[in-house]
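Order-wise, the sequence lines are chains H and B. In case it helps, the numbering used here puts the first sequence at residues 1296 to 1665. In case it helps, the numbering used here puts the second sequence at residues 2 to 532.
Simulated from the structure, these hints should not be mistaken for laboratory data. Take these hints with a grain of salt, some might be off.
[Stated by the list, open to error] Straight-line distance between alpha carbons at most 25 Å, and here's what the computed BS3-like set of lysine-lysine pairs gives:
id, chain 1, residue 1, chain 2, residue 2
1, H, K1366, B, K194
2, B, K424, H, K1364
3, H, K1471, H, K1549
4, H, K1661, H, K1629
5, H, K1400, H, K1452
6, H, K1629, H, K1552
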Amino acid sequence: MRLSTAAFLVAGVCISQGAAAEWQLNLAPGATEISRSIYDLHMLIFYICVAIGVVVFGIMLWSIVHHRKSKGAQAAHFHENTLVEIIWTLIPFAILIAMALPASKTLIEMYDKRDGEVTIQITGYQWKWRYQYLNEDIDFFSSLSTPRAQINNEEDKGEHYLLEVDNPLVIPTGTKVRFLLTANDVIHSWWVPALAVKKDAIPGFINEAWAEVSDPGTYRGQCAELCGKDHGFMPIVVEALPADQYQQWLADAKAAKAADAAAADQELSLEQLMSRGEAVYNSQCAACHQANGSGIPGAFPALAGSPLIVDNRAAHLDIVINGKPGTAMQAFGKQLNAVDLAAVITYERNAWGNDLGDSVQPREIKALQP
Amino acid sequence: MLTQAVAHEHHHGPPPGLMRWVLTTNHKDIGTLYLVFSLVMFLTGGCMALVIRAELFQPGLQLVQPEFFNQMTTMHGLIMVFGAVMPAFVGLANWMIPMMVGAPDMALPRMNNWSFWILPFAFAMMLATLFMEGGAPNFGWTFYAPLSTTYAPPSVTFFIFAVHMMGISSIMGAINIIATILNLRAPGMTMMKLPLFAWTWLITAFLLIAVMPVLAGVVTMMLMDIHFGTSFFNAAGGGDPVLFQHIFWFFGHPEVYIMILPAFGIISHIIPTFARKRLFGYPSMVYATASIAFLSFIVWAHHMFTVGMPLAGELFFMFSTMLIAVPTGVKVFNWVATMYRGSMTFETPMLFALAFVVLFTIGGFSGLMLAIAPVDFQYHDTYFVVAHFHYVLVPGAIFSIMAATYYWLPKWTGNYYNEYLGKWHFWLSFVGVNITFFPMHFIGLAGMPRRIPDYALQFADFNMVASIGAFLFGLSQLLFVYNIIQCVRGGYGADSRVWEGAEGLEWTLPSPAPYHSFTTPPDLREQGGEH
Ligand SMILES: [Cu+2]
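Just chain B, same shape as in the assembly (with noise of 0.2 Å):
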């Protein structure tokens, strides 16, 4: 085992080559490695989405039928989901949390390997489905049956395999987020010192581990409905369509939060660099996302109002999502403190973290009022859930996705990257995603359904314009690949603490990050005060 023998050296680097990428065990190449993944996936899934706007860019079928819109609907969503947000934080988690709590590497380095090498395989085999005869999965990404089962393309089967795979990879990365949390902390390093994305990611791991099983689960039953015979989700069988939703968004609405939880981790780091001031209400943030995390188990029907539930169940589901908003709004308060008398500078991560909280809070609202069951029945399955998910994912997630690559680049490269195509990329960016989602709550509202190919005449203009939108939002991300691949080649060299108002230890080490992170543990017991 040669990368053994050299990981037992004091100096040096990374062995060269290939295999340094398929061996590493290496908390640092791993965290690249998933970017890289998620970033390409994330430009995959983006081309998926331009061809479903273009052929929403005027009323009727002019690129692609209907068949194949579908497919796109489905695997935009499934790639944007499992293969763009969530790698990405896991990858940003294997970069920074052992740096963030003074360890030398992740508490299970071997284990790390394996969980980032299942993807690529996961991926290819659920992208090889849109070349499969009857095409790829074409019933959404909440692929509800029967329409996934009875109804579904052959290949579902292996949508089924890929989904299980990436399950697999989603669980080892949370064991190993939670495991070098808890153990690899610093002396003196208490839980309320922890750096909040570190205590966020902790709470994501929690969830994960607890959703990832249930969506195993569920297309596992798909398969005996499929292939063996048994009836859990077909009417004519005794089963029930209905149960699938159930457990389908008992994982569905915890894993919306898994996709948030780290970014609020991210923009409690930026905002107060950026601010020069500490961070307001550290406790009130830990505690108000645990509150996120335990809510997120006992809303999952607020997403099925309009399937017949009892008025009981309509009232407990609504009363609970409301719950909702007072902690994130305590998170909300608690970054406007921070930044209130505040001396603040605009850098690209912080110009990301402050559109995130302004476009993740308008996300936000729609969310409030998509929680008023009764309004809901006007809003459900239209493009004002449209317009709300991809205001908390794309300008919430995504930004904070960018921010952080922004913020802690010059700490992975030992370079700055080119802060004026920064704040280009911001811009362009920003625009773009209100010129896209904005008017699709004023198109949800007028009565368009979400998933259609084709739609009536009075939806028209606003459709061109968010298609319009989401070309520019789109081609902005070039200069997002185009700054990194710089910034990785070379550039002005940046010192260990990068920005003036960073706090934490992983402004401590040099920058370039030293291939093991801490050798010897950083001692915090002789420093007072919390975090």
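Extracted from the complex, chain H is given alone in its bound form (with noise of 0.2 Å):
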């Protein structure tokens, strides 16, 4: 019977060497010394288990093989042996010291939070990462940026269909980069599977995770604990950059963030406003309202013909800025800047037959930003 599980195994592999990315079969040592470690434990327990599994199951299957009543084998009379059973008593529990110890070792590695360089604050959202870069004037969200149309088949998918994301979290190599994880709702999982790293992202706790990367490269996850409906759709990016271009990305950030403020002074064209909230309503909102404002019944409200929409222009930008707490709405005023907020609640009086005409200038949104 593992003769056909043997097969599939074989069939497997040899597939594989046509499509050597598609059908990868195990963990991928990644790019941190903890990672490799991790990698080196995997397969030692694997080895173990292996070398377990042959014994055990050749022994069963030489009995089925060679004790079969059709073979004429008659039945032996013994039924316990003291000795033989304190053995494989014994025997497994040395097997289970011996990967108890390189394991509690890696594991106290991992729990080594000293010295950290760099400290980032990231913080789960439904459904999109924050990054907070501590004592740097730097703070983006980081949300899947791979088009609605290649997740619905209208598209043929890129090359990273699903983990790819709008701003990647940039880190130096050769430091270490300390995480500090947290949630806004729900509970996330921030997972970089090259970094070894996967921690919980809790309301109301701060947990901590950091990883030394030594090779420059873009690394990909996932989020990895259910979070709602987008819960598949919430990928991670780390661009590891060597420390100069580290610096440059840092310096290059700050001016563009500059630039947005500078921005926000301007009056805007309704044209201007419609087209930008558009973009800004897709990427931020849609994933609970539809794109086309019909929201889910029960669970997120239409905001075509909504009443707050129409009835209640303060409210309408209150609870966009705000939030509801106990919600799912969150408090978009902390997360987008004032062009943006104008600009997508200008789109949603304007769109899907709201038609109200008006525009909300980004001066307005200033005044009322927390």
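Quick one: dock chain against chain with the hints and give me the complex.
As structure tokens, this is what we get:
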């Protein structure tokens, strides 16, 4: 019976020669010292299990082949043997100790949280990540950038389908980077296999993890804790840059932020607001309220024809900026800049037949933003 | 009370008609009800699994939207655990334990009726949530707060009530089994002569009584958070979402042993029968079961290695979890030693039992890997875990239930099932199960999280393989249903012993077993030896 499993495995391995990337069978060793020692540990335990399996299943198979009635086998009468039973209790015990020692060593190394040089706070939101660089004035959101059309099979899927984001997390290589993890709504879990970091992001808690990446590169991961509807659509992309490039990136990010702040003082036309608003809406709001504003009954209200939007402009601004505590509606005033907020609110007021004709200007938002 | 009057006559069958099943207090009738209910739930939960596998056949969203996908994974898990596996074991216990210990019936027959009849209402309510606004529960069968409280659909309240009802049903069933085993054993049947199915169920029943109230407690705390303004699990109100997980897994880990200990009992009956050789190491089987049950209370946080426990906690739960491998290993070694130098034949129950030993052990190996905390950071919440628990639950618990069904069906009905179809059912299930779940190890290690409706392209091929396997496995269960129906309706008659190598009191009763099992208790005091 294991033959069929074996045959299947062999088949799997053969096909994998053809399409190596598609048939990945095993953990990858990863990009940090910790991830490599985890990989070694994984292989060690795996080989021990295989060895035990070969012995136990071997004896079983041997009995099945030789001690069958159809071959005239007569049943023996033994049904206990204290010595054998003691031996096969003690040997597994010894094997377990041999596994526990290296496992404890790796675990203790992972828990050594001293001397982080860069600290980044990671906050899980339904369904995106927020990265705040402590002591640097950098704070941004990172969400899935795969177009909806690819997910709905209307377009060919790209190489990094579902594993690509608008703003990746950027970290320096050769430096111990500390992550502080928390969440804004439900529990999420930040997982990048190549860094061997998987830590839950829990509302009201701050968890700690760290990674020291040796090789520059792009590392991809996903949220690992069921966090609601779009749990499968909140990937993580980490870009590890050499120290000098990382410094350059920091400087660029700060400059871009200053430019955004300046833009908030301009007056924008309805057309400008609508086109920007549509983009913001689709990336930030459509997951819940749907691209056509129809919502999902019982979970997310429709915005098309919403009395709140149509009758009460102040309440509309308020719920988008301040959210509604205790519901999935987040306070976007802390997440988006004034221009994006003005644009998305304008868009909601004029799309899907709401046609109110008014626009909201960034200046108005700035006055309300916390 | 018509049934009662009838029950006092001496030679009679059950009263006819539908009311027989509603009012029955007979252990065999109630056993049948449990088993049929479990089969219906198994097929229902199986259809949900096929919806999941159909959506995952290819990357992209094809058949269902993510919100419905989450309802399917949640309902599939809840139905299989609470509706299929647990009631099946209670049904088997109802049928077999009185016959095995030499009793006329269960100790508490009226409670027995009630503990069954709660279940259809609990599950009707749970399934009804699929049609409610906002949909069915969508937060996974582990229902972590605050996704299941603050962020839950309105139907969560019905879910909580359904869980309460299932819990009451399980606790009553457990009390009944304990009372039967401790009080109604035939004279001379000492505890160390108790058949292993009864032993493992006795221990399971204590586990049930210990942890079902914990489950009831945690859902009640959710109810308070949702409707009465408390903040047990709400961080904004000073509560603690991690507390939920500790309470849930304090229930949840023993729960997984509740689903496997009776299976150990069944396998310990079937292997000796078809190896025609006494079970090796009966006393160590009993001690191993008891140690597993004890350990199950001190390992719960191995489900929570990534929540950010202190180092000492991680180490403690890693070591205690690894320890479980010792008694589990003893069991596997004993089964193999029973086969060794036996005189084996390979009827359907034996095939399922042999597959159980191999595939459950594979699930045990991946369990040992998961116990290693630092490596668990890579495995946790991936398809590797999905592969692991499906290996212990499908070719583990469910294969044992199928083995038990084939093994005892001739005793229940008086007819042999169709052996040829039984073997087809076995081989298709065996191949299907491995094609479904083996590749999940690979996609998990390659990095695919569990509970996602769509996935990156590098996981595509193995997902397609797994989906094909799932349909093969699912469809082959129709053979099982057909075979059972045919066997109930008639067939080649069985004598009282049924299987050449069968030992135990249940085989001294005629086939089909009489409506009341042992009206006068058999006397075992004269027989020497143990077991
Ligand atoms: Cu998440």
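Results for each hint:
| no. | hint | verdict |
| --- | --- | --- |
| 1 | K1366/H to K194/B | violated (32 Å) |
| 2 | K424/B to K1364/H | holds (18 Å) |
| 3 | K1471/H to K1549/H | holds (22 Å) |
| 4 | K1661/H to K1629/H | holds (11 Å) |
| 5 | K1400/H to K1452/H | violated (42 Å) |
| 6 | K1629/H to K1552/H | holds (14 Å) |
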